[in-house]
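Between the sequences and the hints, there should be enough to build the whole structure, so can you do that?
Order-wise, the sequence lines are chains Y and F. Per the numbering used here, the first sequence starts with residue 1, numbered consecutively. Per the numbering used here, the second sequence starts with residue 1, numbered consecutively.
None of these hints come from the bench; they were simulated from the model. Predicted model, so just to flag it, every value in this text is computed and none were measured. A virtual CB, placed ideally from N, CA and C, is assigned to each residue, including glycine. Check the hints yourself; a few may be wrong.
Stated by the list, open to error - Dumping the calculated BS3-like pairs for lysine-lysine here, alpha-carbon to alpha-carbon at most 30 Å:
| hint | chain 1 | residue 1 | chain 2 | residue 2 |
| --- | --- | --- | --- | --- |
| 1 | Y | K10 | F | K140 |
| 2 | F | K19 | F | K281 |
| 3 | Y | K10 | F | K10 |
| 4 | F | K10 | F | K140 |
| 5 | F | K281 | Y | K140 |
| 6 | Y | K19 | F | K140 |
| 7 | F | K19 | F | K140 |
| 8 | Y | K19 | Y | K9 |
| 9 | Y | K140 | Y | K19 |
| 10 | F | K9 | F | K19 |
| 11 | Y | K140 | Y | K9 |
| 12 | Y | K281 | Y | K3 |
| 13 | Y | K140 | F | K10 |
| 14 | F | K140 | Y | K9 |
| 15 | Y | K19 | F | K19 |
Claimed, not checked - Label-pair distances were calculated between CB atoms; the ranges are:
| hint | chain 1 | residue 1 | chain 2 | residue 2 | range |
| --- | --- | --- | --- | --- | --- |
| 16 | F | E242 | Y | T225 | 52 to 60 Å |
| 17 | F | S311 | Y | R13 | 25 to 33 Å |
| 18 | F | R18 | Y | E295 | 32 to 40 Å |
What the hints assert, rightly or not - Partner residues aside, some chain Y positions facing chain F, computed with beta carbon under 8 Å:
| hint | residue |
| --- | --- |
| 19 | V21 |
| 20 | L23 |
| 21 | S25 |
| 22 | A29 |
| 23 | I31 |
| 24 | R33 |
| 25 | M42 |
| 26 | I44 |
| 27 | T46 |
| 28 | R51 |
| 29 | A76 |
| 30 | T87 |
| 31 | G118 |
| 32 | P137 |
| 33 | A141 |
Number of protein chains: 2
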Amino acid sequence: MTKEFDTIKKYFRRADLRKDVILGSGDDAAIVRVPTGQNLVMTIDTMVVGRHFFASIAADDLAYRGVAISLSDVAAMGGLPTWLLATLSIEQIDDEWMQSFADGLYSCIDSFNVSLIGGDLIQGPLAMTTQVTGFVPEGKALRRDTAQPGDLIYVSGNLGAAALAIELTMEQRELSLTDEQLYAVEQRFLRPQPQVALGQALLEIASSAIDISDGLAQDLGHILTASGVGARVDVEAVPTHEVLNEIEERSRYELALSGGDDYELCFTVSPDQLDALAQLKIDVPIHCIGQIEHELGLRFFLSNQEPFELSSTGFEHFSES
Amino acid sequence: MTKEFDTIKKYFRRADLRKDVILGSGDDAAIVRVPTGQNLVMTIDTMVVGRHFFASIAADDLAYRGVAISLSDVAAMGGLPTWLLATLSIEQIDDEWMQSFADGLYSCIDSFNVSLIGGDLIQGPLAMTTQVTGFVPEGKALRRDTAQPGDLIYVSGNLGAAALAIELTMEQRELSLTDEQLYAVEQRFLRPQPQVALGQALLEIASSAIDISDGLAQDLGHILTASGVGARVDVEAVPTHEVLNEIEERSRYELALSGGDDYELCFTVSPDQLDALAQLKIDVPIHCIGQIEHELGLRFFLSNQEPFELSSTGFEHFSES
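Here's what the structure looks like:
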C-alpha cells in the first residue's frame, strides 16, 4: 500500500454513509442512487494557497471552508446537498495536520448530512478541490437568470465581516477589537455558514438566487446580467456585521458591497410571494435591500436618495502580473 | 466581468449539451437529470505539474489527458460517462494556450458524448481537476471487491508504452526509435484511450474490474486486497506495446507490470462467462494473463514456471523528501 492509500483509508473512509451511497471511497468511482423526481445540482471549486487562503490557515479551517463554499453553491440553487468528492494537494503528509483536516471536513459535512464518497490525495502545492452534488425537485431549482422587474431583492444574515477579516490579516486596516470580536470576524472568513435551509425554504418563493462569494455588487450583478434586468439598492439597508459599526460609513459600505467570502444568499422575490416569504420559518434574518428594474445596470443609493459610487467591484479572480 | 468569467464564457460555454443537462455552466451549480433505473458512478482526479505531467506539456494534451483519466475510472465501473466538471489552476491566462486547452478538452469529451457542465478557473500553479459522472444500470456496476478464486484475469490492449514515454522524456532510458515509434509511445502517455465501450460490454460478464493507472501489479493488487483473494500471473502473457520489443526482456516485463498510465482495463471473468466473453463484439484486443486463487498475494511466473520478482511496485503517489 502506498502512503496515499494508507492516509485516505486512515482518515477519510467511514462506514456511516448516507443510505443512497451504494459504494463510497475505495474503488475507481463511487456508486450512488438518485431518488425519482429529483434533479441533481452539481458544483466544483478549487482553492489555492496564497490566492484563496493564507498559508498559515489551520488544517481544520481549510477543510471546513473548502466544503462550505461548495455547499453554499448548492444552497443557492435551493438544493439538498448529499455527496462530496474532494481532492487535496499537499507537499508532505503530516499525521497531526491530516487529522485536523479530517476533523474540519467531517464537522462541516456531518452537520449537513453529506457523505464524502471519494477523492484524491496528491503531492503538490497546498490546494483543495471540492465537488458537491445535491437534490432538488424536478424543475424547481433556483437560478440566477429568472429575476423580473418589480421583484424585491433580499440578502440573508449580514455582510462585510469576512472581507474585514482578510484586511486585518493582511494588515491593510487597523481596528481596535476585543479578542471576542476578532474571533467572530475571523470565523466568518474561516468557517462560512452555507445557507442550505434557507435555500430550500425559498424553492417555491424566490424568483432567483445566488450566493455572495465575490461581493454583493458583483454577485447581484450576475443575477442582473443573466436575467437581462437592472436594480437599485439602498446601501444603508444592506445588513452589515456589528463589528463594522467601528468603521466609518464609506469604508463600511465598501466592505458590505464589494467584500466577498460571506456566503450569504442574495435572492429576489416577486411582490405576490411576499406573504409566503413572511410566513417562512427560518433561523437566519433576511433584509430587503432594493428592487429589480427594467433599466439595465446596478445603482446604489443612500437613504437620502443620493447615488453611491463603489470604488471596487469585488474579488478579481486573476490579478495582473 | 472579470477575466475568469470572460475566459470561461469564451472557451468553455457551448450550447450543444446533452439532453439530460437542464442547465450547464454559468450559475452557482449545474442542473442535470438522471434516468430512472440508473445508478451514478462518480470520480474525481487532480493532476499537478511536475508530479503527473511535465511543465512542457502542450495545453491540448494536458486537457485531453486530464479528462481521459477520469473517463477511464468511469469505464472501469462499466459506466456510460455523461458529465464533466473541471477546474484549472494556471498562473496567467494566455489566449492561445487557452484555445489549445479547450480544443484538447472538447476533442476528448465530444468523442464520448460527455458534456462539460461547470468548472472553476483559478490563478495558481498549473494543475487540473476533473470530475466525471456516469450512468450504470442499478446494481450492475463493476467493482474491485468481487473477484472469486478460479476467475480468469484479463487485460485490454497492451501495456508499458506510457511508462516508456516517461522514461524517454526523463532521459532515464536510451532507445533508438523512429519518429513514428516515438510519437506512438508519447501519445500513449499524453492521450490515453479510456476503455468506455469495453467497460460497458463487460457489465454482465466480468466479476471485477479496475483501470491500470499505477501499474498492473499495483492495480491488480487492489482487486486482490479488496476481494480477499490472490492471483498468479504469467508475465509472458501480459501484452506489451510493440515498441517494447526493442527492450531486453527483464526491463520489458518491469515496464509492463509496474509501469502506470496506460489506462487499459484489468478485469476478471468467471469460467462460466467465458463463452459470453468470446462472443463480445469489441474493438480492443483482450488477453488472459492469469487466474485468481485462494492463496493471498500476487505471484508472477515466467512461461517456464519460474517465479519472477518485480523490483518496483508501481507509481508512488508521495515521494519522500
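Against the structure, the hints come out as follows:
1. Of the supplied pair hints, the one linking K10/Y and K140/F holds, its CA atoms being roughly 28 Å apart against a limit of 30 Å.
2. With a C-alpha separation of about 28 Å, the suggested pairing of K19/F with K281/F holds against the 30 Å cut-off.
3. Note on K10/Y and K10/F: the hinted pairing is violated, with a Cα-Cα distance of about 43 Å set against a maximum of 30 Å.
4. With a C-alpha separation of about 39 Å, the suggested pairing of K10/F with K140/F is violated against the 30 Å cut-off.
5. At roughly 43 Å between alpha-carbon atoms, K281/F and K140/Y are farther apart than 30 Å, so this suggested pair is violated.
6. Note on K19/Y and K140/F: the hinted pairing holds, with a Cα-Cα distance of about 18 Å set against a maximum of 30 Å.
7. At roughly 24 Å between alpha-carbon atoms, K19/F and K140/F fall within 30 Å of each other, so this suggested pair holds.
8. About 20 Å separates the Cα atoms of K19/Y and K9/Y, which keeps this hinted pair within 30 Å; it holds.
9. At roughly 24 Å between alpha-carbon atoms, K140/Y and K19/Y fall within 30 Å of each other, so this suggested pair holds.
10. Between K9/F and K19/F the alpha-carbon distance is near 20 Å, which keeps this suggested pair within the 30 Å criterion.
11. Restraint check for K140/Y and K9/Y: the C-alpha separation of about 38 Å exceeds 30 Å, so the hint is violated.
12. For the given pair, K281/Y sits about 48 Å from K3/Y by alpha-carbon distance, which is inconsistent with the 30 Å threshold.
13. About 28 Å separates the Cα atoms of K140/Y and K10/F, which keeps this hinted pair within 30 Å; it holds.
14. For the hint linking K140/F to K9/Y, the alpha-carbon distance of about 25 Å falls within 30 Å, and the restraint holds.
15. A threshold of 30 Å between alpha carbons decides the hint, and for K19/Y with K19/F the separation of about 28 Å falls inside it, so the pair holds.
16. Distance hint check for E242/F and T225/Y: the Cβ-Cβ separation is about 55 Å, which falls inside the suggested range of 52 to 60 Å.
17. Look at S311/F against R13/Y: about 30 Å separates their beta carbons, and that is inside 25 to 33 Å.
18. Here the CB-CB span from R18/F to E295/Y is close to 37 Å, well matched to the stated 32 to 40 Å.
19. Restraint check, V21/Y versus chain F: the minimum CB separation of about 10 Å is more than 8 Å; hint violated.
20. The criterion of a C-beta within 8 Å of any C-beta in chain F is met by L23/Y, whose closest approach is roughly 7 Å, and the hint holds.
21. The restraint placing S25/Y at the interface with chain F is violated, with a minimum CB-CB distance near 11 Å, outside the 8 Å limit.
22. At a threshold of 8 Å, the smallest CB-CB gap from A29/Y to chain F is about 4 Å, leaving the interface hint in force.
23. The beta carbon of I31/Y is positioned within 8 Å of a beta carbon in chain F (closest approach about 5 Å), and the interface hint is therefore held.
24. For R33/Y, the shortest C-beta to C-beta distance to chain F is roughly 6 Å, which falls under 8 Å, so the interface hint holds.
25. Given the 8 Å rule on beta carbons, the hint for M42/Y holds: about 5 Å separates it from the nearest Cβ of chain F.
26. For I44/Y, the interface hint holds, the least distance from its beta-carbon to any beta-carbon of chain F being 4 Å, beneath 8 Å.
27. With 8 Å as the threshold, the beta carbon of T46/Y comes within range of chain F, its nearest partner Cβ sitting at about 4 Å, so the hint holds.
28. At its closest, the beta carbon of R51/Y sits 5 Å from a beta carbon of chain F; the interface hint therefore holds under the 8 Å criterion.
29. The criterion of a C-beta within 8 Å of any C-beta in chain F is met by A76/Y, whose closest approach is roughly 4 Å, and the hint holds.
30. Restraint check, T87/Y versus chain F: the minimum CB separation of about 4 Å is within 8 Å; hint holds.
31. With a least beta-carbon distance of about 6 Å to chain F, the hint placing G118/Y at the interface is held under the 8 Å criterion.
32. A cut of 8 Å between beta carbons decides the hint on P137/Y: the least distance to chain F is about 11 Å, and the hint is violated.
33. At about 5 Å, the closest approach between the beta carbon of A141/Y and any beta carbon in chain F falls short of 8 Å, and the interface hint on this residue holds.
The structure is inconsistent with the numbered hints 3, 4, 5, 11, 12, 19, 21 and 32, although it conforms to all the rest.
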